[in-house]
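Chemist: Sequence order for the protein chains is A and B.
This note's numbering numbers the first residue of the first sequence as 1140 and each following residue consecutively.
This note's numbering numbers the first residue of the second sequence as 1140 and each following residue consecutively.
Hints listed in this document are in silico derivations from the structure and should not be mistaken for laboratory results.
A couple of the hints might just be wrong.
The list treats identical chains as interchangeable, and a pair is accepted whether it falls inside one copy or across any two copies.
[To be verified] In silico DSBU-like links for lysine-lysine, alpha-carbon gap of 35 Å or less:
(1) K1655 x K1715
(2) K1238 x K1161
(3) K1415 x K1563
(4) K1722 x K1860
(5) K1349 x K1734
There are 2 protein chains.
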Amino acid sequence: MLYDKKRGNLENWIVTEEVFDKRYLGKCEAIMSQGNGYMGIRAATEETYIGEVRNTFVGATFNRFDESEVTELPNAADLIQMEIELNGHILNLDSGIVKGYSRDLNLRSGELTRSFVWITPGGDEISFKFSRLVSLRNKHIVAQKAEISCVNNKLDIRLKSGINAQMTNSGVQHFTEGEKRLYEGEYLHLVQTTTQSKIDFVLNSVHSFKLDNSAYEPSSLIMMDRRKIYYEFKGFALGGQVLSIEKISSINTTRDMGSEDCSLQELRAKTLEAIKLESSKGYDRLLNESSEEWDNQVWNKTPIEVESENPYDQLAIRFAQYHLRTMTPMHDNRMSVAAKGLSGEGYKGHSFWDAEIFVLPYFTYSDPAAARNLLEYRYLSLSGARRKAQDNGYEGAMFPWESAWLEDGEVTPVWGAADIVTGKATKIWSGFIEQHISSDIAYAAWQYYQITRDEEFMDMYGYELMLDIAKFWSSRLEWNEERQRYHINNIMGPDEYKEHVNNNAFTNYMAHWTIKNAISYSEELKDKKPDIYERLNRVLELDETLKTWLDRIDRIYLPKPNEQQVIPQDDTYLQKKLIPLAKYKNQENVGLIFKDYNLEQVNNIQVSKQADIMILFYLLESLFTKEVKTANWSYYEPKTLHDSSLSLSTHSILASDLGDSDLAYELFRKASEIDLGPNMKTSDHGIHAASIGGLWQCVVNGFGGVRLLDGEIRIAPHLPKSWSRLKFPLVIKGDSLLIEVTRNLIKIIKTTQVNSYLEININNQKYILDSELAINY
Amino acid sequence: MLYDKKRGNLENWIVTEEVFDKRYLGKCEAIMSQGNGYMGIRAATEETYIGEVRNTFVGATFNRFDESEVTELPNAADLIQMEIELNGHILNLDSGIVKGYSRDLNLRSGELTRSFVWITPGGDEISFKFSRLVSLRNKHIVAQKAEISCVNNKLDIRLKSGINAQMTNSGVQHFTEGEKRLYEGEYLHLVQTTTQSKIDFVLNSVHSFKLDNSAYEPSSLIMMDRRKIYYEFKGFALGGQVLSIEKISSINTTRDMGSEDCSLQELRAKTLEAIKLESSKGYDRLLNESSEEWDNQVWNKTPIEVESENPYDQLAIRFAQYHLRTMTPMHDNRMSVAAKGLSGEGYKGHSFWDAEIFVLPYFTYSDPAAARNLLEYRYLSLSGARRKAQDNGYEGAMFPWESAWLEDGEVTPVWGAADIVTGKATKIWSGFIEQHISSDIAYAAWQYYQITRDEEFMDMYGYELMLDIAKFWSSRLEWNEERQRYHINNIMGPDEYKEHVNNNAFTNYMAHWTIKNAISYSEELKDKKPDIYERLNRVLELDETLKTWLDRIDRIYLPKPNEQQVIPQDDTYLQKKLIPLAKYKNQENVGLIFKDYNLEQVNNIQVSKQADIMILFYLLESLFTKEVKTANWSYYEPKTLHDSSLSLSTHSILASDLGDSDLAYELFRKASEIDLGPNMKTSDHGIHAASIGGLWQCVVNGFGGVRLLDGEIRIAPHLPKSWSRLKFPLVIKGDSLLIEVTRNLIKIIKTTQVNSYLEININNQKYILDSELAINY
């Protein structure tokens, strides 16, 4: 279905759909979605189909429909749709005959094209090429081109195209209708305002036509409908003539950084000026500009090269990098990466631990400024986290499981799918008891600091963030008199098939790590940066808090391996029922177990949704021996259904660590197939940001064996059998490195001189890197 | 496209679609819509198509999305849609081959059926019959049946069917999401609540299956999605076996009369009991019950028989009667008839003068209890009308141009379509200056009283309603010093192509009539019903008001015929520009003139949207001579584009009056074709209630020549050439009459004895009707 097409120099750069199948619209809409971190647009086709999901999102423009729902990214007006009638037949690939169909997402330039010949029910043979981009140069601009010609007949064309604000999020309308206007007889202009958050969106759109490259003016009629403004154009082309239609559009909002204090009238005027300028460039120049930016920001900056027997592997990692860019707000530290990026309504545009644990490492290791932005988002969200702690009777910063706008606090919905037994909706407990998110954030900030040594970040944001999270955890501990230990009870770990457990190993270890780290930072600050210590003391009562930490740190219960070297995932997991799991391990779609059991029943079975102990091993790897890791892998992996897209990449990295390259590679391929693979329903609600971030980790942290251990960088490659070469960049302590790994050589080039040298651990040996190293292994 | 199919005894009872054309979904959705006055459901197909409009409305459940929009009938959850996959192919008539297609609305039973054979892209030949009803017996019940069989293969079937509350009004979501539940493992249950008016809707749905008439249990899986609850069924049938699926559903709301004080929990419990009872009857019995009710309430009660060379004429009048029943709330006096009935989003479910002047006469003349209900609605809306008067600096009752819920007052939207010149939305002035609606209501109440002599209605509602409207008009008059007359300035008459005119003839005459009538009622009441006079005196300061009326009545300016016998439509119409109108008179779709001129320009041309002076002649016919009527017809009709669906029927009746039967018939046919005719786009937003009411008036008031003149009934038939017989019922002063007109005989039978005799004017001769009359003419 989806694979790479070799096109001249563009080997392994193009994701292609070769057959259009209306049953699986969501797949390409999501994986071929375009964006620039500011906005994301699903790749819904120009013509409409039943079952399509036509989404346009602008990051962080959250709105809450009513008190019974949680805030979500609203689906803005659509700019893409065109109704095209040719010699009386409305373009629709259900009817007539389609030949030579190809839809291609060019990862290199960010351009999406679709070309085919459509033989209408009337027998006319019409060739189409649609092209589209979301600009990486000017983040507000969307450009489209349609080239149409008919070989065997004169072509009468009717086109309806404009701005359609009738869009909803699955029926939920987040906007009030604003003014619709036509300016200067050509600029379509529409305003819409979110109902609760009162964010104004201003959209503009302008069309131009050419016939065989000469300017052409079809007859045109301006139309307004409810929440809609569009043109109806009528024109014609002679047989063989190419009619080319360009549509250049823009989106701006009053939430945009720099536009918050803009009046709506000012913003409207500003966007009109901008659309005039941008549209005057024409599609091709806009494409060149954006494509240049893709090279500057991604392909020349963080190039990753894979030589594999399966060229698909190179495509998969580029696909990951493409989406890591489309989903990440580089321009604004008031927003983070959503679980589905900006490619679908799934998870409502909210950010989860996916952002810190799965996506962030890519940026931390290779584009630290972007990483810092995402961490600043958490710092700026502290007020909501503190409110959540307070509301729950705790201290410090208790981060929301799902996070939206800065002040929102917890936004996890409370009700989910149907319970097959009771007929009621299932309660979603994550927002209440899945609390490890706070440690995950502390860990990500720590990791960022370790790799970048960005002292400014730490002084301004990092220490406060990490210490306040530690403060939450120490208040969260519950003293168990019998065992003379602090427990963490009634919790949910990463494995969401186990609700309301006590002492989830991942949660306890990470809480312990967070507090321990906070103690060491506090003592260090006291000593070396007393002014910062004093500021934090005022905000966090650090003197007192540190005492509590020191008092409790060694009495936090950390589950230890049992006789079989298995660490209990929680207090009761190992005592739960065992059932045959083969059916669910071999499932075609995730969640099959819920067709047979309800969540309460699943809670009482030794079955896991995703990595739990495994992710602990990955994050805190030096705490556990290889023997323990292997024993736990053998125990837990067979019980893990990988029903979360966060599971496979972690397992792949651990398999690399444990030396099983074949398995690591197999899991990497599986992880890449979550979005790129043949299952056509998996991406309906959007791409899987965590899995996509995880792909990079499989490659760099897994196959490349890159890790940060005790403050220094370690490289211990485990190339898969089919790989002969892997090349990737890292940015360590401000210095840019290029790492090249072949089957027996590791080559490292340091291209900058921020540090005169770096200490590097390669396969457990320390090396000094001045400017270049080449190590046989 | 649409015509009658002879089926056994069912000649001229069935509206048929013989070819399914996806470009014209709206046509059948609207004209084949089903309803019972409580709810209306568009005839959208079970499978979905792009461009469909899937509406389910419950009368008077108005909701306002936000302050920038007006209140409207919200589109409730859909019960009808089914996704049916057969041997891997989802039913969709775009693909495969369709044979023997027929969609039939049986006007007699109210049942809608659709049958066809679909040859799937896989080559399986599958026959379908879908049947559907909205019950006239139990107004909350909707029943569906699908019968499916495959001749040449085993049939694997997957069916997704349930309740879908993702529906919107063109993108506007009027509901908050309520609870979704499955009860007793079979009853799908969904609650939704309007956002502003806080009306709870409770929907239930239950499925049952049979295979060749034996009970059958497919495998089933309950699914919940956002605002959705549905089943996914999987089953199979052997080649030739008929799989029959029944789906019985119900809708109730907390606005329902009798349910206003019900708690939501009580209502939910009540509806669950009801759906159990009703679904146990099965589709066929529910159909029988409903069909019986159609006979009782419509076909046996108010039968109209037409013998015409064109059988279509009989179908057209039945089509009108069918929809007059589906759109009219017989069960509740807190609502009226909307301009599109319950068949589309057009005009937002609001009521206009269409209800009183175009729809009401059918009921006034043949089903007075229903007519009284509709008039009571206006009485109950007095508070809004009084507020509107007050807000505009007037006294009395100034009724809203568009009316919704009782207390709402004016609900006309303020902004309409695009101005082709300025690019801005056009302001809709009707809600401000189209004020004749108040006289229209007074006229309708007067007409009702004349025909029924319902003294109780008058004492309780009628007098107060009419006098308060007169009070508004006398406060609305403006003294013109120069001409020593009262003017009505800055007004819009029925012809909406003339905004902001002075002394619109229709408005002035009707205001004058209203006040004059009020004077006569007041004096009569003072004399004969002093207690009622006193009550009204307290409410309306009648003593004072009467003095004002008497002072002003003879000085109200009533435009008189000029030398050419033409009455100026307003002070400036006759001085406006003349342009060639042939292009617009011959238009395919209404409103063509706005492709060339904007409203401001149209305002300055001698062109009319619809009957204006003509409707005046019709309502107050005895005030004008035949000579004046003919002269004005000749002047105005050529300038009238009939861009309103209210225009043709009035012109047809006047043509009958003027003795031009051929023209009258031609206009009747044109009026009937507004919905039933070959133009496939006219009914997209719903059927045309006024035109449908007008059809009955063409037949009975036009061809039958029935009129109420000076308090007595007049019959002066003008049968069209192609008609040999017309038979229709009337209810006069409580007595039921059957009138039969042939080319030279009028036969009247009085079947009841409320009055021992009635005086009747037949062709300008008075007769006494005891029990039967037969007059040659």
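Chemist: Of the hints stated earlier, which fail here?
Modeler: none
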